[in-house]
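Q: Can you make the complete structure from the sequences, with help from the hints?
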Amino acid sequence: MVLEVALIDVLEGREDEFAAAYRKGHEILASTPGCRSVRMTRGVETANRFVLLVEWDSIEAHLDNFRATERFTQWRALLGPFFDGAPRVEHFTDVTP
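So the sequence shown is numbered by full-length UniProt numbering: it starts at 1 and just counts up by one.
Simulated from the structure, these hints should not be mistaken for lab results.
Errors might be hidden in some of the hints.
To be verified - DEER-style ranges, computed between Cβ atoms:
id, residue 1, residue 2, range
1, R14, V95, 33 to 43 Å
2, E45, E70, 14 to 24 Å
3, T41, G13, 17 to 27 Å
Heads up, the beta-carbon is just placed ideally off N, CA and C, and yes, glycines get one too.
A: Next comes the structure, spelled out in C-alpha cells:
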C-alpha cells in the first residue's frame, strides 16, 4: 500500500466552492482501480489549506490508472480552478515497528 499526500492551497475566499467541487469529483478518484480510500481534510489554522490523502495499491495504480487517464483530466478540471499554485504531491509507505 502507498499513501499519496497532496498539500493543496486554495484561493482565499473560494474554499467552499473547492469543497463542493471535491464532493462532485470524489467518485472519479474513489472508483479508480487500485484506489483503496480517499479522504480530504481542511486546515484549522490555515482555512484555505487542504490535504488530500489517497491510499493506493501501488504507485503504478496511481500513475497508470489515474494520472495517465481521462479520470485525472476530469478531476483536475473540477478542482484545478481553485488551486493557489500547484499542489505538492508525495507518496509514502508505512514504517514497520
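Q: Honestly, which of those hints from before does the structure not fit?
A: 2
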